[in-house]
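Q: Use these hints to put chain E onto chain Z, whose structure you have.
There are 2 protein chains.
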Amino acid sequence: MGAKLTSRSADYSKWYNELVVKADLAENSAVRGCMVIKPYGYAIWEKMQNELDRMFKETGHENAYFPLFVPKSLFEAEEKNAEGFAKECAVVTHYRLKTDPDNPGKLIVDPNAKLEEELVVRPTSEAIIWNTYRGWVQSYRDLPIKINQWANVVRWEMRTRLFLRTAEFLWQEGHTAHATKQEAIDETLQMQQIYAEFAESFMAMPVVKGVKSESERFAGADDTYTIEALMQDGKALQAGTSHFLGQNFAKAFDVKYTSKEGKQEHVWSTSWGVSTRLIGGLIMTHSDDYGLVLPPKLAPIQVAIVPIYKGQEQLDAISKKVNEIVSQLKTKGISVKFDDRDTYKPGWKFAEYEMKGVPVRVAIGARDLENGTLEIARRDTLVKQSYQQEEAVEVIEKLLVEIQENLLNKALDYRKEHTTYVDTFEEFKEAIENKGGFVAAHWDGTEETEDQIKEITKATIRCIPLDFEEEEGECVFSGEPSHKRVLFAKAY
Amino acid sequence: MGAKLTSRSADYSKWYNELVVKADLAENSAVRGCMVIKPYGYAIWEKMQNELDRMFKETGHENAYFPLFVPKSLFEAEEKNAEGFAKECAVVTHYRLKTDPDNPGKLIVDPNAKLEEELVVRPTSEAIIWNTYRGWVQSYRDLPIKINQWANVVRWEMRTRLFLRTAEFLWQEGHTAHATKQEAIDETLQMQQIYAEFAESFMAMPVVKGVKSESERFAGADDTYTIEALMQDGKALQAGTSHFLGQNFAKAFDVKYTSKEGKQEHVWSTSWGVSTRLIGGLIMTHSDDYGLVLPPKLAPIQVAIVPIYKGQEQLDAISKKVNEIVSQLKTKGISVKFDDRDTYKPGWKFAEYEMKGVPVRVAIGARDLENGTLEIARRDTLVKQSYQQEEAVEVIEKLLVEIQENLLNKALDYRKEHTTYVDTFEEFKEAIENKGGFVAAHWDGTEETEDQIKEITKATIRCIPLDFEEEEGECVFSGEPSHKRVLFAKAY
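Order-wise, the sequence lines are chains Z and E.
The numbering of the first sequence is numbering that gives the first Met the number 0, which starts it at 0 and goes up by one.
The numbering of the second sequence is numbering that gives the first Met the number 0, which starts it at 0 and goes up by one.
So here's chain Z without its partners, still in its complex pose (with noise of 0.2 Å):
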């Protein structure tokens, strides 16, 4: 391992940049705005798909694959989602390069291979997907209709970061159709559950379930429900979204059903994704200044163990010892790595498992084979206890559950101490400013309010949360009535 990192406090955002590469999670690419998922990071990506799979499919969901490129007269058939996505397109234009007459050996774009029609690389797939559902659809019969896609999109963003916002990113994007508009609206709200299920559950990140303010609508939704979670730093990030679409696709692409009664209708819909982003927000949640903390639940390797010896004859003795513990530990389930590589020494592979964020390690000597003993460390306080290697399996077992609700513990702790409940401007200011965190407050309703309140302090409507009561108050801006909070932060 090298150097250490930045610490967060010294420079948050470059505490983040550093950690994603020493934990060897991703790496910038020759694509400007694209990344490398390096196995490490793309291990933690499919423990999470594995886990939202499987709920999409237990709630009735099936998967199934939809082209990458949408031709540009569906992409622009609902306007506000073409006018929302547009300006992000990468765009192709031509099917074939050919040889440089003047560059041998160099290609260039063969200007007779111009398509007739423009492709978009799909930013979202509503479009091409209510293309192909207007095939479907005919009578109440082939409805609800419940898929979930897993893909790559691309969005062409000025300003990336590795895993929140990066130009090409791979998410699970549901598309459903009813014939309904309410078990269209149940759906929404399911599948904002679920993601706030598997925030709390598997990430340990808890989070705030919500809706979103008009303005902050995903581009062609009548709702757009929000999960949003707090990171170290005092910012907020939307982790899932889940959108109520009404028959706004239906409309466009002109998909409609025969009703039992006979009556021709148009369907409803709901979209609803999470990404790779995901891990950005894993890491902000739980991470410190020595490296990655993860989960034991989204945890690639759950227990590293490492043996302190010298000479073939010392690490054959521990071996025979660890391989019990390993086939022990793996029985029940756990993930294990004994580490014997004879490349490295033990201190580099500490700070390594450190750096990774490896919920446990277990480290083991020659005096520990004398005194039956074993040396377990956990990375969420570091703490590290020596046990007899007969109690080894258990102790990890009641740890592992241990680190998972005490990271879940501690994220609430630190969004509990950075929810600032405010009645004036001048709180508002304050508290973004210098405490930072969700701030709860009267807001008017008004999209020039929010405009405003974002232009002087860059805080922005999170959501309202869906378990806010009514109360009565009056507008930290303008001083107009309100009858419920809603929360504000500045924003990844």
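Among the hints, erroneous ones may be present.
Since the list gives no way to pick one copy over another, a pair counts as held whenever it fits inside one copy or between any two copies.
Here are the simulated lysine to aspartate or glutamate pairs, EDC-like style, with alpha carbons at most 20 Å apart [what the hints assert, rightly or not]:
1. Lys336 - Glu396
2. Lys21 - Asp141
3. Lys489 - Glu468
4. Lys234 - Asp288
5. Lys3 - Glu17
6. Lys383 - Asp23
7. Lys208 - Glu454
8. Lys409 - Asp367
9. Lys434 - Asp10
10. Lys296 - Glu393
11. Lys457 - Asp315
12. Lys453 - Asp232
13. Lys46 - Glu57
14. Lys86 - Glu116
15. Lys262 - Glu393
16. Lys453 - Asp422
17. Lys383 - Glu87
18. Lys97 - Glu115
19. Lys309 - Asp232
20. Lys86 - Asp109
21. Lys397 - Glu57
22. Lys344 - Glu425
23. Lys46 - Glu61
24. Lys56 - Glu45
25. Lys457 - Glu447
Simulated from the structure, these hints should not be mistaken for laboratory data.
A: Coordinates of chain E only, in the frame set by chain Z:
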């Protein structure tokens, strides 16, 4: 279910196209040459992915993800590879759309958003990956790198067919880097072997393992190893390839390592891939004039149970019995669907599961309930038989194994019958034109002969089989001496 399929004997190609659509596997999209993979087709792909991914990981490979786009300057670095793919590259030239000033509501490509360097949508990822590996490899301790990627790729093919040849397709591509030539060759062969095992054990599709002639090699490879399957129309399908890339990409991208002895060496490499084309092969190997036939190991639904009833009371009684059987089957890891939809009649359901290739179909009616019986039909032979309800689970379990074996044996028999050894060009033409299948013939090893045979007969050298013995003979075309037979066939 709609009208019947065109029969294979009447029009094989039409039969295939109809089957893919009627079995609900895939359909053409609004994007030329790109398909929509529907949930049932995608579920087969997921089953394939699960098995292959397990096999890759068991042999020490990790997944990662590299960018969709390849800057043109990187794409052209390995000249043979670039030349091989240049003619079918989708190219991104712009990164923004804007409102058409002449056509409100329409969008045009923003001419001010032209990329400085065009981006090729990956047709394969060697270039972007080897450019990345340069940063990962310094010393022998960084080797081997054994990475796989699940991804979409785009090759702008002119004539496309669902699954078999599409402009965009899904695949996995392995890219490995090694310190020695031998290790890279071993890896190449290992992956070919894994593909062959997967094809035979899971797809029940026998394959010939061989090496490609020089003219059929992957662009940029020193050797291409292949698995070749035989379809029911006597044409061969290249089902998977594993390439020994020598030091070609390491040299093009300057990827060197310091050996234990302190010397700087270029690394050795391989790449290997299988794609959604496998689904086309699966369909064509087993299906019949009634629809899809799936091997149980890859069937999304292994058992479909259809109740035959009048009124809710009968359905309730049948459901009670069926639910017992369903839960027992699930305990054994058998995927089962109890189709109690009241919107379709039993006959319609039978036809649907036949079309969709569900290996085992169970029917149970009111009379069965009285007699303690049920009817079990197997999809491969279409044989139906009545059984006692208490033996149902055991019978089904055995049947699934039997069907898997039977499909492989049938395909093996077909291949045996359609592999012809010829010693003259008359025999060669006769076999290719009238019988179809593989033709094993002596070849003089020259590209000229290969080209002329192709021009006259449309047959190509599928591979030089690894298990063919050395044997003295004369080229069927030129009469020149030859030491080994090779396999010819018309191919997809």
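Q: Next step is simple, just say for each hint if it's right about the structure.
A: A quick look at each hint next to the structure:
1. Only within a single protomer do lysine 336 and glutamate 396 lie at most 20 Å apart by alpha-carbon distance; the minimum there is 15 Å, versus 37 Å between protomers.
2. When the C-alpha separation of lysine 21 and aspartate 141 is checked against a cutoff of 20 Å, the pair qualifies only between copies, where the shortest distance is 15 Å, while the shortest distance within a copy is 50 Å.
3. For the homomeric pair lysine 489 and glutamate 468, neither the shortest alpha-carbon distance inside one copy (23 Å) nor that between copies (72 Å) is at most 20 Å.
4. Only within a single protomer do lysine 234 and aspartate 288 lie at most 20 Å apart by alpha-carbon distance; the minimum there is 18 Å, versus 61 Å between protomers.
5. Taking the shortest alpha-carbon separations for lysine 3 and glutamate 17, only the intra-copy value of 9 Å comes in at or below 20 Å, while the best inter-copy value is 62 Å.
6. In this assembly of identical chains, lysine 383 and aspartate 23 lie within 20 Å of each other by CA distance neither inside one copy nor across copies; the values are 25 Å within and 57 Å between.
7. For the homomeric pair lysine 208 and glutamate 454, neither the shortest alpha-carbon distance inside one copy (25 Å) nor that between copies (66 Å) is at most 20 Å.
8. In this homomeric assembly, lysine 409 and aspartate 367 never come within 20 Å of each other (Cα to Cα): the closest approach is 33 Å inside a single copy and 60 Å across copies.
9. Within a single copy, lysine 434 and aspartate 10 get their C-alpha atoms as close as 16 Å, which meets the 20 Å cut-off; across copies the closest is 73 Å, which misses it.
10. Taking the closest pair of Cα atoms, lysine 296 and glutamate 393 come within 20 Å of each other only inside a single copy of the chain (17 Å); across copies the shortest separation is 37 Å, beyond that limit.
11. Taking CA atoms no more than 20 Å apart as the test, lysine 457 paired with aspartate 315 passes in neither setting, with 60 Å inside one copy and 61 Å between copies.
12. For the homomeric pair lysine 453 and aspartate 232, the shortest alpha-carbon distance inside one copy (18 Å) is at most 20 Å, but the shortest distance between copies (67 Å) is not.
13. Taking the shortest alpha-carbon separations for lysine 46 and glutamate 57, both the intra-copy value of 17 Å and the inter-copy value of 17 Å come in at or below 20 Å.
14. When the C-alpha separation of lysine 86 and glutamate 116 is checked against a cutoff of 20 Å, the pair qualifies both within a copy, at 18 Å, and between copies, at 19 Å.
15. Taking identical chains as interchangeable, the C-alpha atoms of lysine 262 and glutamate 393 are never at most 20 Å apart, the minima being 63 Å within one chain and 48 Å between chains.
16. Proximity of lysine 453 to aspartate 422 under the C-alpha cut-off of 20 Å is restricted to the intra-copy arrangement: shortest distance 17 Å within a copy versus 83 Å between copies.
17. Proximity of lysine 383 to glutamate 87 under the C-alpha cut-off of 20 Å is found in neither arrangement, the shortest distances being 49 Å within a copy and 58 Å between copies.
18. In this homomeric assembly, lysine 97 and glutamate 115 come within 20 Å of each other (Cα to Cα) both inside a single copy, at 19 Å, and across copies, at 18 Å.
19. Proximity of lysine 309 to aspartate 232 under the C-alpha cut-off of 20 Å is found in neither arrangement, the shortest distances being 44 Å within a copy and 65 Å between copies.
20. For the identical chains of this complex, lysine 86 and aspartate 109 are inter-copy neighbours only, at 9 Å across copies versus 26 Å inside a copy, given an alpha-carbon limit of 20 Å.
21. In the homo-oligomer, the alpha carbons of lysine 397 and glutamate 57 never lie at most 20 Å apart, since the shortest distance is 28 Å inside one protomer and 28 Å across protomers.
22. In this assembly of identical chains, the alpha carbons of lysine 344 and glutamate 425 never lie at most 20 Å apart, being 55 Å within a copy and 69 Å across copies at closest.
23. Taking identical chains as interchangeable, the C-alpha atoms of lysine 46 and glutamate 61 lie at most 20 Å apart whether they share a chain (19 Å) or sit on different chains (13 Å).
24. Taking the shortest alpha-carbon separations for lysine 56 and glutamate 45, both the intra-copy value of 16 Å and the inter-copy value of 13 Å come in at or below 20 Å.
25. In this assembly of identical chains, lysine 457 and glutamate 447 lie within 20 Å of each other by CA distance solely inside one copy; the values are 14 Å within and 71 Å between copies.
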